[in-house]
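Read off the chains here:
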Amino acid sequence: MQQSLWLSLLFVAASSLSLGITYYVAHGAQRQAIEQSLTQDMAGFRAAPSAAALAALVNAETRETDPQRRLLSYRRPGGRVVAGNAAIMQQQAGFRVVALGPEPVEISGRFISLSEYIHGGLLTVAQSAKPLDDLRQTFLWVFLFSLLPATALAMLGGVLLARRSARSLRGIERTLSALTSGDLGARVPQAGQAQGDITRIGRSVNRMAQAQQQATEALRQVSADIAHDLKTPIQRVAVQLSRLQEMPDLPQEAQALADKALEETRGITSTFQALLQIAQLEDGTPRSRFEAVDLREVAATFAEIYEPAAEEQNRTLSLSLPEAPVSVTGDRALLGQLLANLIENALRHTPEGTGISLSLRRDGAVAVLSVRDHGPGIPEAEHQKVLRRLYRLERSRTTPGSGLGLSLVAAIAGLHGAELRLSDAKPGLRVEVRFAT
Amino acid sequence: MEGPDFNRLTPSIQICNVRRAAPGCITGAVETREGQALKILVIEDDATTGPYVQAGLREEGHTADLVTDGREGLLQATAAEYDVLIIDRMLPGLDGLSLIKTLRGAGVRTPAIMLTALSGVNDRIDGLEAGADDYLVKPFAFGELAARVAALARRPGLQEQETVLRAGDLEMDLIRRRVTRAGQEIDLLPREFRLLEHLLRRKGRVQTRTMLLEAVWDISFDPQTNVVETHISRLRAKVDKPFGTELIETVRGAGYRIAG
Numbered sequence: 001m002q003q004s005l006w007l008s009l010l011f012v013a014a015s016s017l018s019l020g021i022t023y024y025v026a027h028g029a030q031r032q033a034i035e036q037s038l039t040q041d042m043a044g045f046r047a048a049p050s051a052a053a054l055a056a057l058v059n060a061e062t063r064e065t066d067p068q069r070r071l072l073s074y075r076r077p078g079g080r081v082v083a084g085n086a087a088i089m090q091q092q093a094g095f096r097v098v099a100l101g102p103e104p105v106e107i108s109g110r111f112i113s114l115s116e117y118i119h120g121g122l123l124t125v126a127q128s129a130k131p132l133d134d135l136r137q138t139f140l141w142v143f144l145f146s147l148l149p150a151t152a153l154a155m156l157g158g159v160l161l162a163r164r165s166a167r168s169l170r171g172i173e174r175t176l177s178a179l180t181s182g183d184l185g186a187r188v189p190q191a192g193q194a195q196g197d198i199t200r201i202g203r204s205v206n207r208m209a210q211a212q213q214q215a216t217e218a219l220r221q222v223s224a225d226i227a228h229d230l231k232t233p234i235q236r237v238a239v240q241l242s243r244l245q246e247m248p249d250l251p252q253e254a255q256a257l258a259d260k261a262l263e264e265t266r267g268i269t270s271t272f273q274a275l276l277q278i279a280q281l282e283d284g285t286p287r288s289r290f291e292a293v294d295l296r297e298v299a300a301t302f303a304e305i306y307e308p309a310a311e312e313q314n315r316t317l318s319l320s321l322p323e324a325p326v327s328v329t330g331d332r333a334l335l336g337q338l339l340a341n342l343i344e345n346a347l348r349h350t351p352e353g354t355g356i357s358l359s360l361r362r363d364g365a366v367a368v369l370s371v372r373d374h375g376p377g378i379p380e381a382e383h384q385k386v387l388r389r390l391y392r393l394e395r396s397r398t399t400p401g402s403g404l405g406l407s408l409v410a411a412i413a414g415l416h417g418a419e420l421r422l423s424d425a426k427p428g429l430r431v432e433v434r435f436a437t
Numbered sequence: 438m439e440g441p442d443f444n445r446l447t448p449s450i451q452i453c454n455v456r457r458a459a460p461g462c463i464t465g466a467v468e469t470r471e472g473q474a475l476k477i478l479v480i481e482d483d484a485t486t487g488p489y490v491q492a493g494l495r496e497e498g499h500t501a502d503l504v505t506d507g508r509e510g511l512l513q514a515t516a517a518e519y520d521v522l523i524i525d526r527m528l529p530g531l532d533g534l535s536l537i538k539t540l541r542g543a544g545v546r547t548p549a550i551m552l553t554a555l556s557g558v559n560d561r562i563d564g565l566e567a568g569a570d571d572y573l574v575k576p577f578a579f580g581e582l583a584a585r586v587a588a589l590a591r592r593p594g595l596q597e598q599e600t601v602l603r604a605g606d607l608e609m610d611l612i613r614r615r616v617t618r619a620g621q622e623i624d625l626l627p628r629e630f631r632l633l634e635h636l637l638r639r640k641g642r643v644q645t646r647t648m649l650l651e652a653v654w655d656i657s658f659d660p661q662t663n664v665v666e667t668h669i670s671r672l673r674a675k676v677d678k679p680f681g682t683e684l685i686e687t688v689r690g691a692g693y694r695i696a697g
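Protein sequences, first through last, are from chains A and B.
If you're matching positions, the first sequence starts at 1 in our numbering and goes up one per residue.
If you're matching positions, the second sequence starts at 438 in our numbering and goes up one per residue.
I should point out that these hints are in silico values taken from the structure, not numbers from a laboratory.
Hints are not guaranteed to be accurate.
[To be verified] Pulled a few chain A residues facing chain B out of the computed Cβ check, cut under 7 Å:
| no. | residue |
| --- | --- |
| 1 | Ala227 |
| 2 | Ile234 |
| 3 | Ala309 |
Even for Gly, the Cβ is constructed at its ideal location relative to N, Cα and C.
Isolated chain A (complex conformation) (with noise of 0.2 Å):
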């Protein structure tokens, strides 16, 4: 808009200041069309041989002259005019000329004129500058009805062009953050041949997006693949193995051996699982699913979930709710595995006997879930490093579990735009996940 104001004021500039220029040139020609006028003029009157014969011929001159378009004036020294049609007197501010014909006429404008001695009299010819004053007249005319309106339309132009390229820049605006929140098949509108700067863009940035989706199709596919040739063995062995079991007679020992390695592919597969959900999550395709989500009625849920299990390992869940529903955007399944995982993963590193407290706040704009136990907590060096995937204290070598819980949790929130934060409950662990409202 601002871009298309200063162009049309450029063209304004320009285009008057070639108007002038031309008028400058025309101005100059003509005045110089009328000073050789009066040189020739002034040439002829030299050519008389006595001030008598000059002053006969500019009264015959004069018989023939317009007063308003020539003047032609001899005087003598002392101020009297001999001959001529005029009276040229001078006063404070330039010239009067007053006609001398038979009937009173007033001279106005401006004249050029040219005076010379000859014969002991002043001989004065001038010429109408009238000419002047049409061309510039014209020139005026040509200003207004040419360049005003052109750039009114120049900027009629502008302003409109400059609106389409808002929209466009819209359009590519909407199409650029439906594709951060994982939307891969958001593409710029494109409008037919245009071939602005804009469009070419629009165009990259649909290439761009083209390229990211492709990516995210491979990764997907290749993740597809993977699960389905390592699950297939895993399922044929858990079959073989659901198949020995079966066998008659099989001794109590191999039977238990069968439950055993039964237990190891759920084992097996859960970790694995829980890696190729870690991937999915990141590339950030769940965002498309999203909706309202009320924390308190999933932090509500997944405390009931849980307190039976709590209270058999003697422990006492604890559930704080603020009184107001807390609505965030996300996807519920996803929030609900996360605070899973935060609960199971206190059930799994404390000790038995141990509380554990979950809580939901507002922090002004932020709320905040929490999860905090009474454990022997995490060293503040390691609040970075368990978040990555398969990492596991050295105390937590031996207790089950995959050591995907908490990367698992920060993929979710990450997704959500959610921070994690770790901090030191004294005693005991206290995560915050920190979703902006």
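Since the structure of chain A is provided, determine the placement of chain B on it from the hints.
Okay, now just chain B, sitting in the frame of chain A:
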């Protein structure tokens, strides 16, 4: 409608492992007790899993056909009448997702379970959106599959319209939200009520842990903690313990059920 009650043939309530014949247990009695032998089509290309599923279903008393190619499966599913389709997601010829979409597009409404190696939330939603009625992630235990097949084939259930559900001397009044056993009122929390209602409505049918998680708590991931067991044991403490006899049975390797 009521078939012969095979349970009467067994000396007492006998829990049969769905894949392992035990003395005194009639093979297949658990799932086909209501006289409903199902015609099932298994579309699975894996040379171990396919025949295993087929053999297992046959042992349950169902008729099971096995096809290993997607295109062939599509033809077979449209050509013959089946009660349930079991479809692997990744198949040669035509993948499972497209197969179900094509079937549904052609107006074939046969209940279908999708077997899959893909376990993401989105994969699950994709499967259900394509037209699958249930979604089972590999590796699965046969008991899980059998229970889900039975659940699908019997939609709508027998007790869907009832307002009072009964099992033995237990009575659940759905309108007054009241549970009594042997005339004695039992106080249940809302979620316990829902869990008991779910089992009662599917009386005689095994409900696996994952089926219960999905139906009662709306959770589709697999918790690493024995949450279902703990809820069941709480429910038992209220519903079974004071009365001596167990209504809620554990089916080894599969799940829970209330005997019909």
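Inset, instruction - Find the hints from earlier in the document that the structure breaks and name them by number, from lowest to highest. - result: Violated hints: none; all satisfied.
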